Structures are given as structure tokens and as C-alpha cells.
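Enquirer: Listed here are the chains, written in short residue letters.
4 protein chains.
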Amino acid sequence: MIKAKIVGAGGYGGVGITELLMRHPEARIACLVDVTDVGSPMSALYPHLAGFCDMKVSAPDSPEAQAPADVVFFSTPDGVGMQLAEAELKKGARVIDYSGDFRFNDAETYAEYARRIGRDPAHKSPHLLPQSVYGLAELHRAQIGKGQKLVGNPGCFAVSCLLGLSPAIRNGLVDLASLICDCKTGVSGAGKKPAASFHYPARYDHMNAYRLTGHQHVMEVERELGLLAGGPVRVTFTAQVVPTCRGILSCLYGTLRPGVTPAAVADAYKAFYAGSPFVRLYDRTAAIGTAHVRGTNYGNLIVDVDERTNRLRVVSHIDNLMKGQAGNALQNMNLLFGLPETCGLDRAGQYP
Amino acid sequence: MIKAKIVGAGGYGGVGITELLMRHPEARIACLVDVTDVGSPMSALYPHLAGFCDMKVSAPDSPEAQAPADVVFFSTPDGVGMQLAEAELKKGARVIDYSGDFRFNDAETYAEYARRIGRDPAHKSPHLLPQSVYGLAELHRAQIGKGQKLVGNPGCFAVSCLLGLSPAIRNGLVDLASLICDCKTGVSGAGKKPAASFHYPARYDHMNAYRLTGHQHVMEVERELGLLAGGPVRVTFTAQVVPTCRGILSCLYGTLRPGVTPAAVADAYKAFYAGSPFVRLYDRTAAIGTAHVRGTNYGNLIVDVDERTNRLRVVSHIDNLMKGQAGNALQNMNLLFGLPETCGLDRAGQYP
Amino acid sequence: MIKAKIVGAGGYGGVGITELLMRHPEARIACLVDVTDVGSPMSALYPHLAGFCDMKVSAPDSPEAQAPADVVFFSTPDGVGMQLAEAELKKGARVIDYSGDFRFNDAETYAEYARRIGRDPAHKSPHLLPQSVYGLAELHRAQIGKGQKLVGNPGCFAVSCLLGLSPAIRNGLVDLASLICDCKTGVSGAGKKPAASFHYPARYDHMNAYRLTGHQHVMEVERELGLLAGGPVRVTFTAQVVPTCRGILSCLYGTLRPGVTPAAVADAYKAFYAGSPFVRLYDRTAAIGTAHVRGTNYGNLIVDVDERTNRLRVVSHIDNLMKGQAGNALQNMNLLFGLPETCGLDRAGQYP
Amino acid sequence: MIKAKIVGAGGYGGVGITELLMRHPEARIACLVDVTDVGSPMSALYPHLAGFCDMKVSAPDSPEAQAPADVVFFSTPDGVGMQLAEAELKKGARVIDYSGDFRFNDAETYAEYARRIGRDPAHKSPHLLPQSVYGLAELHRAQIGKGQKLVGNPGCFAVSCLLGLSPAIRNGLVDLASLICDCKTGVSGAGKKPAASFHYPARYDHMNAYRLTGHQHVMEVERELGLLAGGPVRVTFTAQVVPTCRGILSCLYGTLRPGVTPAAVADAYKAFYAGSPFVRLYDRTAAIGTAHVRGTNYGNLIVDVDERTNRLRVVSHIDNLMKGQAGNALQNMNLLFGLPETCGLDRAGQYP
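Protein chains in written order, with our numbering: chain A, 1 to 352; chain B, 1001 to 1352; chain C, 2001 to 2352; chain D, 3001 to 3352.
Honestly, the hints are just simulated from the structure, not real lab data. These numbers were taken from a predicted model, which means no experiment stands behind them. For glycine and all other residues, C-beta sits at the position ideal for the given N, C-alpha and C. There could be a bad hint or two in this list.
No more than 27 Å apart at the CA atoms, straight line, and that leaves these computed lysine-lysine pairs for DSS-like [claimed, not checked]:
1. A:K192 with C:K2192
2. B:K1270 with B:K1003
3. D:K3056 with D:K3091
4. D:K3090 with D:K3124
5. B:K1090 with B:K1193
6. D:K3090 with B:K1193
7. B:K1270 with A:K56
8. B:K1192 with D:K3193
9. C:K2056 with D:K3124
10. A:K146 with A:K124
11. D:K3193 with B:K1193
12. D:K3192 with D:K3146
13. B:K1124 with B:K1090
14. D:K3192 with B:K1192
15. B:K1056 with B:K1146
16. C:K2090 with C:K2149
17. C:K2146 with C:K2091
18. A:K149 with A:K90
19. A:K193 with C:K2192
20. D:K3270 with D:K3192
21. C:K2091 with C:K2056
22. A:K193 with A:K56
23. C:K2090 with C:K2146
24. C:K2149 with A:K193
25. B:K1146 with B:K1192
26. C:K2193 with A:K192
27. D:K3193 with D:K3149
28. A:K270 with B:K1056
29. A:K124 with A:K90
30. B:K1091 with B:K1192
31. D:K3056 with D:K3146
32. C:K2193 with C:K2056
33. C:K2193 with C:K2124
34. C:K2270 with D:K3056
35. D:K3056 with D:K3090
36. B:K1270 with B:K1192
Sample of chain C residues at the chain A side, in silico, Cβ under 7 Å [claimed, not checked]:
37. P2194
38. A2196
39. N2310
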């Protein structure tokens, strides 16, 4: 059994991976670590876990938190994993970090990211960066499996955009200067901490765009698309919040290059995702939405061409807490340990 | 493997038992039957099932719908099961009916129920009634298991009220003339069919009481409580709808009989539910609500005494589609087939 | 024109009375006071007011906040009004306080209230208490008008319960030991400040009971009902939160005294509310809910008798921020200044 | 007083204009007409109107529905107004039609529209088309006022897009081939009639794109932008539904033409809307969303330039039932009768 430690267990990313590991046939939770609620059973923080996960939350400096684990999930904000990952790696663990700390595998790119989001551009463990991989299996499946120890789990918006645009970019279907990502997220994407903007009376019956000055997930989208394109890519990115709990709906646009047909587009997407069990493809007649991926690790893509304007339009649906976070992290764990990618994740969700 | 047939597969009760059977280690779905959407894959009706349940919906008179099954779930409205159950029983199936058709095991009581809800008081298969059992394991566990073939799955409100009041009634803790059930349900309790009252703009930011003239679930509550009390019981029952999808929150009140102490109340509930894996007991300091049973088969009870007024107050929480419907039906199936009661149901839910 | 000062302008109670005063034909806002957001235009806190109320928020110790006003609304928590009301009264203002500070007009009763909610039992301005009146026009209309200077605006739950039960108590229709108030509120009742329990992901699709150990509004309900009954009254009171923004739905129960007929009940309610423009009476066939009072000062009552159990059941609907707070406060202002009770309040709301 | 008749009074568009006319100082409702609920008081359909609008709904062929009115609002689907408008005009009424029937003022353009949405391309009253005007005051203010008798009230999505893009198009700021309208609406935009997709359990926690094959509002957007551009314009348009009741949030994109600066963009918008009382302009630092226009006739625009991609981005906020429907219709009525444009509409809304 894979012994797993979860750092930042008390947040939504922590409870998400807790739920998944509880059901995973090859893993078990060895330790739950957080800086708040220390000593409380996880089921006191999350009453739905009563009888399922009554393990107490440990302080980071507690003895049990020091014990070696096979895998450590850092469900922590930017700046934590880069300080703590090395010790875990040295103890033999594989590390999956949810933040931006290991999403860019060289110090220079990291520094640019850090500057954009107003953080110290100096990475605390720059020597680890070359060992890290951007943890989106649909782009880096082989690399994640091959003796990999350190994974930067992607941002939720980035997952939705990259799933939707990668085949088009890889195959040169669209004009790189024409890319627009119009992304709507449910509120759980903001995490567990209450804030004025997510207070129920302020959030129900309300939608808004935010961080128009620049969202932290843009850079990893551009970085990964750039790798696929073989050159720099810039996107216009608009983050929006709507009153759902879970779900990201991203509408992705790009002008088709001359001669690219709708059939070629459809073929490219089919080919690109042939070996990807969590991507489902639909055409524009499909009556699907975010509720149909709720609670699952699936990314559902409507791949469409607006012939009137010669434009690619992809509607990308994920659950931001699953394929956008904990589910994707578990998918990475499976790959790291040579397990089937879908192990513990092949669930249909629950409806309504 | 237990071969299961689901009649009324297209509704919320049907998709609920479909989801559960897909994950059940000892059962498999043999046939999905409905009168609408015939020929459509279940995953066309419910896109979250794509790749999980693409079986087509069969017409009731199709050959595959005639094939014998080990268990048949009638997720159908009042009046259907009573006409079709006998044929299934003759073919050797065990039958679990979701409607009021088999919740009362004598024709006279059924007739009274039918009159209350404005239906024909003559049961179509009165000879089957004595063979039926009210399918709430927490009250009739032994009987459901013992060679039982025909189960009337309870109404969702009734489950919430009976879980909350049965220990008090069985132990004579409260004045039988003082019982009040104040029950709030999420909208999924009304089923899949759109209606003016459940249209999103009419339902968001809205709560209302309904059927103040008499709700169809009252009689089974009174019947079962009467069996526990050894005499007739009447309750004041107020059904309300609030803008949630899932969940029933019932506040249940009764005046304590002289000499009954809070400790005696607590003990009675603990003893009553000692062997019931799906009931969790809490005191009034617990910070729990319906989201903590969402997607699960649990009934969470806050058992409280208002000493100032000498009144028992129980706050009962269930997921109306699980413990209130499909989950409870699967619990019954497990008992009918001698499986552990929790088989396929020991899940913690997902949060948030 | 009546010059109004609002203390605590930045909260929901403050913006509520701001909206109403902006439209009131006989009043105008002279000063907005708060301890946070000082110097910000009200329309920066509440963008819907842009162009309507761009007045800046003043600090309590600013010169403009010291200027005399004709009426001062204290939309402040317990403990503030009792310290500041006297100065305003001395400057000639009439005072309407939203908290519990002036809901009990003698120091002894206040002390009991304060003890229950864990506050200092010593009132800071006990000499003012005899001058105060409980500000529910439907109970104390004459007194509020008659040269009154100091009004304790009621708690939102209390309004819903008192509207629903007062006619029954005044007319001796129900057994005083049998009273139960089962009350559900929308989230705005908790105010503007974010909290874990009202964070959107934690609140959507969720209902829960809270403060089962005792809600602060119970005592004023018992006090006012006791005045009507001519003796002590105790109620069982259950507060619940559901995912709506506005609205309180209270189900109120009491066993009818011998010989009380449904017709007598209906007559009593009609007579009691004959001169009350904001109370609308319905029978149990009415298809109404909280959305139908949303944004208005109305209290809609379904008055019902459950003949099977000989029990009075009243379903009381108000908007917690209007009849439960700012609307009721304005109604009090109208009475204090001899204006028609409905002035600035005779609005139908907006639907859906 | 302007006597108003509302045809299609029972729908959301009908109740919306009813609410507004009730408060309008210069108009009164003379007749409410519908084909359903005939004989019912409006307050039976909409209980919030009890005491405010108890007028009964009249059948279209009733005598009172034949009486001349000063203005007739056709809150009816495509195909109704074109058959009935002429009779009203002959009786001397001014006509405001909510459907697509009079949004295109020549038969040829109408035919193209009708074909796109699968209707008979032959207009039933083609001779009226040249007399009609597209009823968006921000584009056609002068024309709507000048002896105009027949107005085609715009589609809700179209209002949000045209407010957001018109200044850019009029001033040649953006490449006409680069326009994208990514539009999210609340559910009330679908009207009052229940449907599977708007059933509460299917709609809560769910977002989806729809009519990717072509939305009926696209053509009027292209038509009006084309008039501003002086040549044909095509947009990529993506309609989405999110779980709010009211509100449209449209993100509008276009690539800036060479040399166009952010300052030039800001100036163009300011100049364009100088005389438009219902448009409020914001920059990208504004913390606004759809709740801040809820219940009002305002269109709030965040006008932004993404310098990294040289792209104009406008975030347009309206209440789909107000500026997107009834409020805009009343604004048109005011202009038709020479009243101040804001008469009966200068309201701030209510929050939260």
C-alpha cells in the first residue's frame, strides 16, 4: 500500500484528496498535516467523513508528520512546497504540489511567473526545478510515469484551457495571435476561506469577471501552449465567477488557419486524446454542461467550428476540484507509481 | 451476481439506483425499463454516465424487459407496482417498490391511504399485501431479511420522520398527542418532471409550505409510529420546499412524558440504533446539516431536549434521493439477498 | 424634510434603510456613519447605488456625524445604541435602534435577556428603558406614534413569530404550554460579514438548525406574547438557515383550547389585523412563499387549523431585511413623525 | 395619463412591464391580455402584486381588450406582434413589440432572420417594417422620439452586446473580423415556462453553452453593428446559461486596429455614452458584477484593453428582464411620449 501524507489537509484540496485516497485500492492515508485545526479529527472539520476519516490533523512539526511517506501531496499555497519538498524527496517520497511552485521547470520561467503574481522571483529550491514536471497527463503522460519524483499539479483554469486548446496548437490549426480563453468557475475554486465576494448573499444571483489585470493561471497556459507551438504564445484570458459550487466552463476561441476544415479539427482532437481516458469529445449538438462532470475527473470538450467566422470554438467542462485539482493529483499519483491512470478515479459522479 | 431490472429507469429514482448498482460488487444491471426515451442509451438521458452505463432504455413490453431478473426495482408512481409486481414475483424476482403501493400490508389500511391521496381505494393485488414489508431496515430489519420477497420502499419524508421519532415512541418518552413534524425538502424530492413551482427563477430565493391539506407521506408515518406505540398516533405534518437540490431537514417535536430525563432520551436513541450502521447520533452542539449526508445513505440525528419547555426536539437529516429513496432501496436489496447491509453503500459523500 | 442619520451604514441594515430613505418623499439622508470604510462613498461599498447615494461614510467622531438629525437609525450590534442613544435624544433626535438594547423597557428584563446571550446584564442607559417601546406597529401602533422618541426595532425572527402568534395569544385560542416556532431564515439575516457557515460552497445545497442552545430572539417573542397573554409564555424555538438570500418562513404551532373553531381562529386574525396595512391573510390553499414578500414590508400569514390534531398552524412569511429590519424601521419612523404608516413602503416587490 | 395595454401579461415580460407601469407617474395600465389564466387577477398569477394589481387578465377577443390604448406592449413570442400591431396602430396606439417581429425594418432582412431561426420568411405585415425602429435608445434615441409609432424592443443578449461594442465599432477601433461575444445569462431569460433544462435540480450547480448552432439574437447584433460600421459585420456568439435568476454578463472581444490606444478607447466610450443616462462606465479595477444592476435599467460596462494581446475587452452587465426587456421597453415608451428617458426608471435596485 502506498502511504500518503497530505499537507494542507484542512482545505478543499486536502479534503478532496482525502476522499479519493480513502477509496483508492492501493493507497492509504498515513498522515494529515495542517497548521490550523491541529488535533481535531478530520471528521470534525468535515462531518461527512465521520466514521470514514476520523484521523486527527497533525502539526507540521509533530513526530508523525516527520515520518517518511511514499507520496506527499502539498495542498498548500504558493511558497510552501518549494520550502518543504526537498526534505520529503530526501526521505524517499514522491511529491505532488498543488501550487505554482513546481509548474515551471527552470528558475528563469519561475521568476517571470512570480513577478507577475507579485511574489519573490527567487525560487527557494531552484535545483529541484529541472526535476519537476507539469502534471497534466494529457500533455506529459510519459514523463510523469518515468521515474518521476516531483510533479507540479496544474491550476484549475489552466487544465480547462489546456485540454481545450492543446490539440489545436499542437497541430497548428489556429492563428496563435487569436487565442481567447473566456473562463467561468464555481466558487469552490477560491478555496475554503470565507471572503466578502463569496459570502452567500453577495454571491447568489451574481456573476462577475475578476483579476482582469492578470490571473495567475495565464502563464502556465501560455507556457504549455508555447511548448506545443514551438514558440511564444499569448492568450487573452478572462476569469469569471458564477454561483455554482463546482465546475469550470471555459469557452476557447482561435481563428482557423487557412485551409483548416471542421473535419480536420475533429480528427486532430480525436487523435490527440486517443489514449486519454478522462477526456470525452462532443460536437456542438451535445446537451452537456458542468453538472455532468461534477465529482469526476473527466474533461468534456465540445469541439466546434463557427464556419461563419472561420473560428474554432471549444467548450471545456471540468470539475475544478477534481480534474482541476485533487482528481488530477491522484491521476498523477497513479502514473508515478505505475498504476493504471484511472485507478480510484473511474467514477461516474452522481446526478442530480 | 444479482441481476437487477429497473422499471422507471429514466427518473431520479431510476438513475439513483443505476448509479448505486454500477458500483455494487454483487449486482449488475440487467435491464433498464421506461415508457419514455425508449431506445436511448441511459447516458443520453444522463450524460455523466457516458462510458459507465450506455445500456439502452427498453420498453416495458420488449423481450428484454420480460426476461427474469433476481431483483426488480419499481421506481414508479403509485399504481404501477401493484399491477406489475405479481408477474415479477412469479418469475422468481424479489421486488422493491418505491411507491405507496406496498407500504401498507393489509387492504383496509391501503384503502384508507388511497382515499387520502385521492386514488382508487381498491388495491389491484390485495393478496400480495400480507407478503409485503415496510422497507425501513431500522424498524423491520429482521423481517426484510427473512425470505422476504416484496418490499415497499418508504417515502422520503417518512424516512426522516421515522428515524427521528421511532426511539421516542417505542420507549414511551413523549405524549402521543403532541407530535409535530416540520419537514423541509430539497427540490429533487419532486422528481425529474419540470413544473412551475420548481422552475429555477420561481424556486431560487424562495421557500414555501405546500399540501397543507395533507401530504401523502403522513399516513405511513402514523402507521409505523402506531405500530411502535401499540395504538393510534396522529401527527401534525408540514411539508416545505427550499432551494436545495438534495436533502431533507425535519424538526420533530413531542412533549416529554413526566419523569423522562434528557439522559434517558439519549440512552434510548443510542440503544435503538445500536445495530444500525446508517444512523449517526449527535447532540445539540453539533455543527451539522444536510450537506453532510449529501450523496450518502446516512441519517444524522440531533437528539435534543428543550428543558425550558420539557420538549423533545430531534433534527433529522437525510439525502432524500439516497436514504430517502435509492440508497434505502439498495439497503433493502442487500438484506433481501443476505448481503451486509452496507454493501455498496459505505461511502462518505463528497464535499463541498 | 426629516433629516436622517444612519449609524452602521455599511452593513445590510444600513444599506437597507439607505435604499428606503432615498425613495422616501418626506425624508433625506443627512449623514452615513460607520467605523469601517470611512471616507468611501456609499456607492463604493454598494455599487448599485452609483449616482443615487455617493455620500461618503463618516467616522463616528467626525463633525458631520455630530450634527443634529431628526431621526437616527442605529443599525448596530447589541451594546452600541445603549451608549450613543442618549446624546442623540438630547440633540432632539428620535432614535430607532436595531439591536436588543431597547427591546425591553425595564432594566430587570433587559438583564435577563443579556444574561441569556452572554452579555453584561447591566444596561448602559437604564434610565432610557422606560421611554422605549418595542417597535412592532402591529402590536404597539398607538404607543409608537404618541410622542415616542425611542424605539427598539424587533429581531427578524421575532417579527415573523409575533405576527403569526399574537392574535391567537391575545384571544386565548391556544394552550400556552404548546407553542412551537420552527423558523427558517435566508442567509442575509446573518449580516454582511463573511463566515465559514455562509461561504457559498458551504451554504449552497445545505440546510441546518443552529443555536439549539438558545437563540437571542426567543426572549422578545416570549416577552411580547406574555404581555398579550397576561402571564408568562415559553416557546420552543428552532432557528434554521437555508440557501436563500432573503426571507423568513416560520411555522408556528399551538394546540387549540377546547371549543375553539377554525372559524373563530380566522375571525380573530382578521379582526386583529384590520388596521394593519402590511399584514396579508391567506388560508391553507394559498400558493405563496417567501419570494412573494421579497423586497417588501409585508408579512403574509397562512392561518390554518389541522383538525386531525386540533392544532393551530400559522405559516408566516416576511423579508428578513424589510419587515424583519429596515422596512419595519421605516414604518416606525413614519409613525414617530405622524406620517402614513405606509409612506415610502407601499411597494409590490419585483418578481422573479 | 398614458393608457397602456399589455399583451402577454402573464409572462415574465408582462409582469415586468406591469411592475414598472404601476410605479410610473404618467402611465396607467388599462388592460392586461393573455391567452392563459383569463379571468384570473394578475395577483393570483403573481402573489406579490396582491393589493397592487388585482386587475383580471382579459382574453384577446374580449371587449376590454379591443378598447383603444395609447401604448400597447406586445410581450409575445415571434409571430404575434406582426399580426396584431396594425390594428393597434390604426386605433391610434403606439406599439412596442418584444419579439423579433419588428427588429429589422425591411422585409428582406427580416426574411434572413426568419430563415435563420426556422420561421416563415414572409413577414405578415411587411408594409409596417419601414415604420419600425430598433428600440435601443443608446443607438437610435432621436429616431425613437420623433413621431415614432412602432418599436422593436431588442433581444436581451443583443442589448448587452450592442452596449458593449457599439462605441468601438462606430469609431473603427477594432478589426471587424475579430469580434467575439461570450454571453452568460440567468435563467429568467428563458421565460416563465418550465422546461427540463431549467428545472431546479438540473440547473443549480450547472453551467452550459447552448444553441451553438446559432442563437436568434446574433443577427440583430450583426445588423446594428453593421449599420455602425458601414458594412457587414459577423460575430462569433456563444450563449451560456448559469444558475442565476437575473443578469447577463457578456465578455466582448475585438482586436484593436493599429495605433488605437487604451486612452482612445476610453475616450470613445465616454463620448458615445455622454447623453445616455443608463450606461455607467468602469475600468478593469472595478469590483462590479450583475447583482449591481439587478432590478434596474442600467448597463454597466467595464471597458478594458489587454495590452499583452492588443485586444479590446468589454465586460457588459445588464439585468436581462430590465435593460434586456421590460425596463428598456419603458425607456422606449418614455421617448415615444416625449417624457424624460428615465421617468419611472431611475431606481437603484435593492441589495443584497
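Enquirer: Each hint: holds or not?
Expert: Checked hints:
1. A:K192 with C:K2192: holds (18 Å)
2. B:K1270 with B:K1003: violated (36 Å)
3. D:K3056 with D:K3091: holds (23 Å)
4. D:K3090 with D:K3124: holds (16 Å)
5. B:K1090 with B:K1193: Roughly 32 Å separates the two Cα atoms, so the pair is violated.
6. D:K3090 with B:K1193: violated (44 Å)
7. B:K1270 with A:K56: holds (25 Å)
8. B:K1192 with D:K3193: With a Cα-Cα distance of about 16 Å, the restraint between B:K1192 and D:K3193 holds, given a limit of 27 Å.
9. C:K2056 with D:K3124: violated (56 Å)
10. A:K146 with A:K124: holds (25 Å)
11. D:K3193 with B:K1193: holds (13 Å)
12. D:K3192 with D:K3146: violated (34 Å)
13. B:K1124 with B:K1090: holds (16 Å)
14. D:K3192 with B:K1192: holds (18 Å)
15. B:K1056 with B:K1146: violated (34 Å)
16. C:K2090 with C:K2149: holds (11 Å)
17. C:K2146 with C:K2091: holds (19 Å)
18. A:K149 with A:K90: holds (11 Å)
19. A:K193 with C:K2192: Cα-Cα ~16 Å, so holds.
20. D:K3270 with D:K3192: violated (37 Å)
21. C:K2091 with C:K2056: holds (23 Å)
22. A:K193 with A:K56: Judged against 27 Å, a Cα distance of about 20 Å means the pair holds.
23. C:K2090 with C:K2146: holds (18 Å)
24. C:K2149 with A:K193: violated (43 Å)
25. B:K1146 with B:K1192: At roughly 34 Å apart (the allowed maximum being 27 Å), B:K1192 and B:K1146 break the hint.
26. C:K2193 with A:K192: holds (16 Å)
27. D:K3193 with D:K3149: Distance of about 30 Å is beyond 27 Å: violated.
28. A:K270 with B:K1056: Between A:K270 and B:K1056 the Cα gap is close to 25 Å, so the pair holds against 27 Å.
29. A:K124 with A:K90: holds (16 Å)
30. B:K1091 with B:K1192: violated (30 Å)
31. D:K3056 with D:K3146: Given that 27 Å is the threshold and the Cα spacing comes to 34 Å, the pair is violated.
32. C:K2193 with C:K2056: holds (20 Å)
33. C:K2193 with C:K2124: Holds, at about 26 Å.
34. C:K2270 with D:K3056: holds (25 Å)
35. D:K3056 with D:K3090: Holds: D:K3056 and D:K3090 sit about 25 Å apart, inside 27 Å.
36. B:K1270 with B:K1192: violated (37 Å)
37. P2194: holds (4 Å)
38. A2196: Hint on C:A2196: holds, closest Cβ of chain A at ~6 Å, below 7 Å.
39. N2310: violated (39 Å)
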